[in-house]
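S.K.: Got chain L sorted already, so can you dock chain X onto it with the hints?
Residue numbers (our numbering), protein chains in the order written: chain L, 2 to 331; chain X, 1074 to 1312.
Bear in mind the hints are in silico, worked out from the structure with no lab data behind them. Just so it is clear, CB atoms sit at the ideal spot from N, CA and C, and this is done for glycine as well. Check the hints yourself; a few may be wrong.
As the list claims (entries may be wrong) - Using C-beta positions, here's what the derived DEER-type ranges look like:
{"#": "1", "chain 1": "X", "residue 1": "Gln1156", "chain 2": "L", "residue 2": "Leu64", "range": "54 to 60 Å"}
{"#": "2", "chain 1": "L", "residue 1": "Pro24", "chain 2": "X", "residue 2": "Arg1285", "range": "45 to 51 Å"}
{"#": "3", "chain 1": "X", "residue 1": "Arg1285", "chain 2": "L", "residue 2": "Glu204", "range": "35 to 41 Å"}
{"#": "4", "chain 1": "L", "residue 1": "Gly25", "chain 2": "X", "residue 2": "Thr1280", "range": "47 to 53 Å"}
{"#": "5", "chain 1": "X", "residue 1": "Arg1285", "chain 2": "L", "residue 2": "Cys122", "range": "50 to 56 Å"}
{"#": "6", "chain 1": "X", "residue 1": "Val1281", "chain 2": "L", "residue 2": "Pro127", "range": "40 to 46 Å"}
{"#": "7", "chain 1": "X", "residue 1": "Arg1285", "chain 2": "L", "residue 2": "Ile289", "range": "26 to 32 Å"}
{"#": "8", "chain 1": "L", "residue 1": "His66", "chain 2": "X", "residue 2": "Pro1299", "range": "49 to 55 Å"}
{"#": "9", "chain 1": "L", "residue 1": "Ala310", "chain 2": "X", "residue 2": "Val1281", "range": "53 to 59 Å"}
{"#": "10", "chain 1": "X", "residue 1": "Pro1299", "chain 2": "L", "residue 2": "Met2", "range": "36 to 42 Å"}
{"#": "11", "chain 1": "X", "residue 1": "Arg1278", "chain 2": "L", "residue 2": "Ser288", "range": "32 to 38 Å"}
{"#": "12", "chain 1": "X", "residue 1": "Gly1211", "chain 2": "L", "residue 2": "Gly25", "range": "27 to 33 Å"}
{"#": "13", "chain 1": "L", "residue 1": "Ser21", "chain 2": "X", "residue 2": "Arg1285", "range": "43 to 49 Å"}
{"#": "14", "chain 1": "L", "residue 1": "Thr202", "chain 2": "X", "residue 2": "Pro1145", "range": "38 to 44 Å"}
What the hints assert, rightly or not - Here are a few chain L residues that sit away from chain X, every Cβ distance over 10 Å (derived from the structure):
{"#": "15", "residue": "Asp236"}
{"#": "16", "residue": "Leu253"}
{"#": "17", "residue": "Lys285"}
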Amino acid sequence: MNPFAYERADQVETVLEALSRSPGARFLAGGTNLVDLMKNGVEQPTHLIDINRVASLAAIQLLPHGALHIGALARNSDTANHPLVRQRYPLLAEALLAGASPQLRNAATNGGNLLQRTRCCYFMDPAFSQCNKRIPGSGCAAREGLNRIHAILGASDECIATNPSDMSVALAALEAQVRVRSTAGERTIPIADFHRLAGTTPELDTNLQPGELILAIELPKNNYATHSHYLKVRDRASYAFALVSVAAALDLDGKKIRSARIALGGVAHKPWRSEDAEQVLVGKEMSIDLFQAASEKVVAGARPHAHNAFKVELARQSVIRALSVAGGLA
Amino acid sequence: MNRDDNEKKSDLRQHGSDSRSDSHHSQVTRREFVATVGTVTSAAILRFPIFADESLTSHPHVQNTTTYQLVPVSLQINGASHQLSLDPRITLLDLLRDGLALTGTKKGCDHGQCGACTVLVNGRRINSCLSFAVTHDGDQVSTIEGLSQGDELHPLQSAFLEHDGLQCGYCTPGQICSAVAMLNEAKAGAASYGSTDTGSSHPVRLTVAEVRERMSGNICRCGAYPGIVQAIQSVYEKL
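With the rest of the complex left out, here is chain L (with noise of 0.2 Å):
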């Protein structure tokens, strides 16, 4: 591993003081995707500033008109067992639960995972000199290599990698708010936006600018806590990476849906929000059927490769499993 200068803050505003002195440093939190790729090689910072003690980050309260502030530092096992966050987000919880192992959620913080990078294995590997994202310009392996765990949807020519993360998922059907402050000032940017696509950056995995940290995430009031679901399918029954996991949540009048949200995780660069499947339930009561046709929505323009076509058909069969657990009817 590569020698690094470290030094540790304490304060958001000590934090961004030392960011402005060393402008390439980057934030060590619970570590768990950096210290990895650092020991692959594919992250080499010369300046790491340790965050963990940046008390005031770590809070999870309610803020003015209902809504909930849940810091970055905050570790994803405390998110999800905290009881505001299990009682109005259980999609978000659930989301958190499903994601890597007991240990491993109790190290990264919510900050951590909204950054955390893809596992295309060509990527995590510098062995392999074919790799847009850490090398613009050098080409794509997984194209016409291994690509079962890859995009089937919204992927350029440049990048199919998928974004790992299960919370960033349900974040995107909550349509959470990413709070950053930087010695500019601060702003707050909508999920949606905040995840990049690979478009010809495929070097960019987000829109946090250079000087950027992530104070807390902001998640909407709604209702949708009664009826979601988290589904995640996996080669194993826990502890590994979606193949496709889906984020539903409805809000019932009876059977009647008043509104939806679907999110897929394991098919793009960013979390899957599809607005024309959610359109199709919308007024509508609820049934099977209705399902099936949203699901048929999601997937519309998926283009698998030679290893993923499997992702198309799963993906559209685990809309219908999340919605019909979601809405009580499985």
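M.R.: Just chain X, lined up with the frame of chain L:
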């Protein structure tokens, strides 16, 4: 194996030794739980070649990143205090094994994918392979070596022997440390994926499925899972 007299009894100890009888004791000698050799004192000489015991004046920001920087860090391991100066690249796992000769914690994958390196930090289970030691300033670390009291095994250690929860034993320290924390989590009502009731904080009903999900971060190539699950369930019902 010597223990430091200052060893702190955290909530690792679920209950006393009243559950162990003499006949039980003779059963466990066949597969004796081999304690690792390691003397831990507050003045431990680290076995790495590149650091010293006196703290270096390492200022918060180092401009020249091509020189090695040693970072002062103070932590408690199994109740013993250590004041160290460490290369920030050293993981907690390597500090324990190579630096302090606490080789009970194992390196399985070194990438957070197997759980063999599981230790408790401030009572919470983490993968020590993915954690830089310098980030644990002021923390309390508990390893497998810290579970037993002299010759007296922790109830989970006894249960693993009684219920045949191991074959080669390599994953076992991680399994046991993970299980210690898992039982505390379950007692406190922590939720899990797939458990239908995500709204309650009452002690969890630890079915086989629940144990497997909550222990899914610890894999066992020998496939000793049935015994592991039984061992854990047997201790939980006594809590």
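S.K.: Would you mind marking each hint as holding or not holding in the structure?
M.R.: So, going through the hints one by one against the coordinates:
no., hint, verdict
1, Gln1156/X with Leu64/L: 54 to 60 Å, "violated (42 Å)"
2, Pro24/L with Arg1285/X: 45 to 51 Å, "holds (46 Å)"
3, Arg1285/X with Glu204/L: 35 to 41 Å, "holds (39 Å)"
4, Gly25/L with Thr1280/X: 47 to 53 Å, "holds (50 Å)"
5, Arg1285/X with Cys122/L: 50 to 56 Å, "violated (27 Å)"
6, Val1281/X with Pro127/L: 40 to 46 Å, "holds (42 Å)"
7, Arg1285/X with Ile289/L: 26 to 32 Å, "holds (31 Å)"
8, His66/L with Pro1299/X: 49 to 55 Å, "holds (51 Å)"
9, Ala310/L with Val1281/X: 53 to 59 Å, "violated (35 Å)"
10, Pro1299/X with Met2/L: 36 to 42 Å, "holds (39 Å)"
11, Arg1278/X with Ser288/L: 32 to 38 Å, "holds (34 Å)"
12, Gly1211/X with Gly25/L: 27 to 33 Å, "holds (28 Å)"
13, Ser21/L with Arg1285/X: 43 to 49 Å, "holds (48 Å)"
14, Thr202/L with Pro1145/X: 38 to 44 Å, "holds (41 Å)"
15, Asp236, "holds (13 Å)"
16, Leu253, "holds (18 Å)"
17, Lys285, "holds (27 Å)"
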